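Protein chains: 2
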Amino acid sequence: MAHNTQVSADTQAPPVTASLARFVAGHATRGWSDAVEHEAHRTFYNWLGCAIGAARHEAADAALAAVAMLEPAAQASVLGRPERVDMASAALVNGITSHTFDFDDTHLKTIIHPAGPVASAVLALAEVRGASGRDVIDALVLGIDVACRIGNVMYPDHYDRGWHITGSTGMLGAAAGCARLLGLDEARTAMALGIAASQPIGLREQFGTMTKPFHPGAAARAGLTSALLARHGFTASTRALEAPRGFVQVVSDKRAWHEASDQLGERFEISFNTYKPFACGIVIHPSIDACVQLREQGVTPEQVRAIELRVHSLVLELTGKKEPRDGLQGKFSVYHGCAVGLIHGRAGEAEFADAVVNDPRVVALRAKVQATVDDTIDEAAVDATAVLLDGRRVHVRVDHAIGSLERPLSNAQLEDKFRTLVVPVLGDAKAREITAACWRLAALADVRALTSLCRP
Amino acid sequence: MAHNTQVSADTQAPPVTASLARFVAGHATRGWSDAVEHEAHRTFYNWLGCAIGAARHEAADAALAAVAMLEPAAQASVLGRPERVDMASAALVNGITSHTFDFDDTHLKTIIHPAGPVASAVLALAEVRGASGRDVIDALVLGIDVACRIGNVMYPDHYDRGWHITGSTGMLGAAAGCARLLGLDEARTAMALGIAASQPIGLREQFGTMTKPFHPGAAARAGLTSALLARHGFTASTRALEAPRGFVQVVSDKRAWHEASDQLGERFEISFNTYKPFACGIVIHPSIDACVQLREQGVTPEQVRAIELRVHSLVLELTGKKEPRDGLQGKFSVYHGCAVGLIHGRAGEAEFADAVVNDPRVVALRAKVQATVDDTIDEAAVDATAVLLDGRRVHVRVDHAIGSLERPLSNAQLEDKFRTLVVPVLGDAKAREITAACWRLAALADVRALTSLCRP
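Protein sequence lines correspond, in order, to chains A and B.
Under our numbering, think of the first position of the first sequence as 467, with each following residue one higher.
Under our numbering, think of the first position of the second sequence as 467, with each following residue one higher.
Be aware that one or more of the hints could be misleading.
Pairs involving identical chains hold if they fit within one copy or between any two copies, as the list cannot separate such chains.
Listed below are the simulated DSBU-like cross-link pairs for lysine-lysine, each with C-alpha atoms no more than 35 Å apart in a straight line [as the list claims (entries may be wrong)]:
id, residue 1, residue 2
1, LYS720, LYS787
2, LYS788, LYS834
3, LYS575, LYS720
4, LYS575, LYS787
5, LYS575, LYS788
Derived by calculation from the structure, the hints in this document are not laboratory data.
Note that the structure is a prediction, hence the values are computed from the model and not measured.
If we strip away everything but chain A, and leave its shape as in the complex, we get (with noise of 0.2 Å):
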């Protein structure tokens, strides 16, 4: 039977649901900087490149055969595929495929990536209700905020004791953006947020494997059939985030509720969203980002002798696989990164194909880098030397890598991203016109106008 023990209950949270409901209820629309507006559709734009670029992969082609099983209605795209589901399916399948690349955007406060879950939930209800692309950017921008500040509340512990916060933080965020979308009240906006609560997704566990990008696809379904749900008067705990047994003092031990409520509807946690040029974890981003400018510089892959890093212990404990065999393997080591950085001068999903990961080149030059852990390096840098076959020393010394907050992708170089995504999927042609909907994408009377662009 019960026991009734706690671990450092607090009983004294404030009402974190009710505010947090009563912003995304009643928050103006468009209510904030052009900055902010800005870069929500920028969000939005990379999370469409990834999704759509991803729509051949093995997890695509196994959640939607999974799906199929249900029989289920045509009613939302399964963006850069021919099939149409039922939204909640399309919310998960979408989700999936956003994060199957390890490609999409990063909140660096919190490591969450939340266009997965908040927009793939967005964007299938707005295509069955025809939304406007203004209601669409409005939903994202909140949604990410409520999602981004509940894991600013419990970061780094939660993710600390294993969880994949982008799932469980992302459900919060699909059921407010949809709640937004749906257009309900207060009371059941909190009902959402509450049934939401019930449901994290994602364990770390589950790195290496499909099950981690199905974190933020099933955490968009969630959110988005917590919405439907409180919109029919489906009811919640009031106090399902903050109270002793609700969501955040279940899942972690660090609880700075004020981050729930700093300046919120003033400062917006999508402006510190930030957008991956290389296809793999960010750990080793400032590693490929040196050797790309060590081959700018002009240093050769049959000069080098050795490439001599100098990194975060959290880089080889991270990403230390010396002999990768395969793409998914290369992704988890820094070797090949810098490898590729160095001959292609780029670190796309193409760089992490199987072949490239074989190709003898790479192989050979993957066995001449060196990475030796300094702990006066920051995550965020990198000290990288070239030492060539004539004795010179090339030295880099990387301490925000390209895509960091503080050198972010500018939108050129999202469209160069967007267009090695899309093109291979969906054409040439249809990148352009997808990329042209985007950057209007709050003007557009319908979303269904960008939906069926999405599909080939």
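The hints should help you fit chain B onto chain A, whose structure is shown.
Frame of chain A, contents of chain B only:
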């Protein structure tokens, strides 16, 4: 960026995921005693009555209205209702209704209500496939074994920290049962368990709202869809349950790994399942039972000056509501439970109707019930004394309430309970037919012969 500390990570855990997958995929059909086989039928029958009984509850209406927005295919039955929906949604809604009245089964060692997630998933899938009753019973026994064994590994810590353990182990049981029913091999069964492991559902904070019964429903849906994904090659960690950042270690500090494997295939947790005689939390069952016994000893409400209860502290903590205003509040009132026990001799769902809670006779008797905490009284016991107007004292001591493992409901009592739930929804004839079909479930060639009876 990422941090790497974790509280007390256990890197030496045994291969729980693989062991349970091998067990589920490989165990012989009906590979257990007659007693286990019989208990499986009782578990199924009790679950079905609960689900049909709550079919018209507003929680079911709200859930189905949300599901309708997905335009589901008519694949599987919503028990007790005319609607047919896709099997994932059927698992969701039937799981909700089975727990709505708080009247379902209880694995007392963990207070898991195991049939809700497992049977709801298994029957929906079985209906779509036209599976046999034999296969359903096999899937139920094995699925419940998985959920309850993982519950044994983690209980009580996991529950204490705020998880509603029925939903946060139920997705594993549902995945196991559905993997079995789909005939998945050991490797894919492990994947099904792994995918499900990323989706624990349920916070105790939700108690008293519709989201409480949502937990077994959502767990059923999550487990079923995990099995479908695994069937089509979706991958997960092979150590999703036991790894340092796997399910158990993320959600519990208690990790009694041996509970997953002790006497696996010899001792079946379904043997320890019990069925509620009263439609409320199990903590007040001894008090209700005592008052029913006082009634049987001739005590009438009119004679009573006071009813003195000595109870475990948990009784008042969880069910100390002195003046409930409606049926739901009545379920959290030991005072109400005692009053209806003495007046009506029962405490089924009807005795928790709003009208009964506000019946002046009940209100008057409720005011005469006095409960005192006594640390010498076990959670499963009560000491009750009726003090009569003429000065006499009638004493009853209950050490094990009716419905406990020590005093299980008889099959006849289960049938009585079933009838009170099902006759108002489907009528007398169908209640009889369903009862007959349930007792011979293992011999049923196609469960659709049963599910077709469960619609009006």
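Right, here's what the structure says about each hint:
1. LYS720 / LYS787: Answer is both: 32 Å inside a copy and 33 Å across each meet the 35 Å cutoff.
2. LYS788 / LYS834: The answer is within: 11 Å in one copy meets 35 Å, while 76 Å across copies does not.
3. LYS575 / LYS720: Both: 15 Å inside a copy, 31 Å across copies.
4. LYS575 / LYS787: So LYS575 and LYS787 pass the 35 Å test inside one copy only (26 Å; across, 44 Å).
5. LYS575 / LYS788: Answer is within: at 29 Å inside a copy they meet the 35 Å cutoff, but 47 Å across does not.
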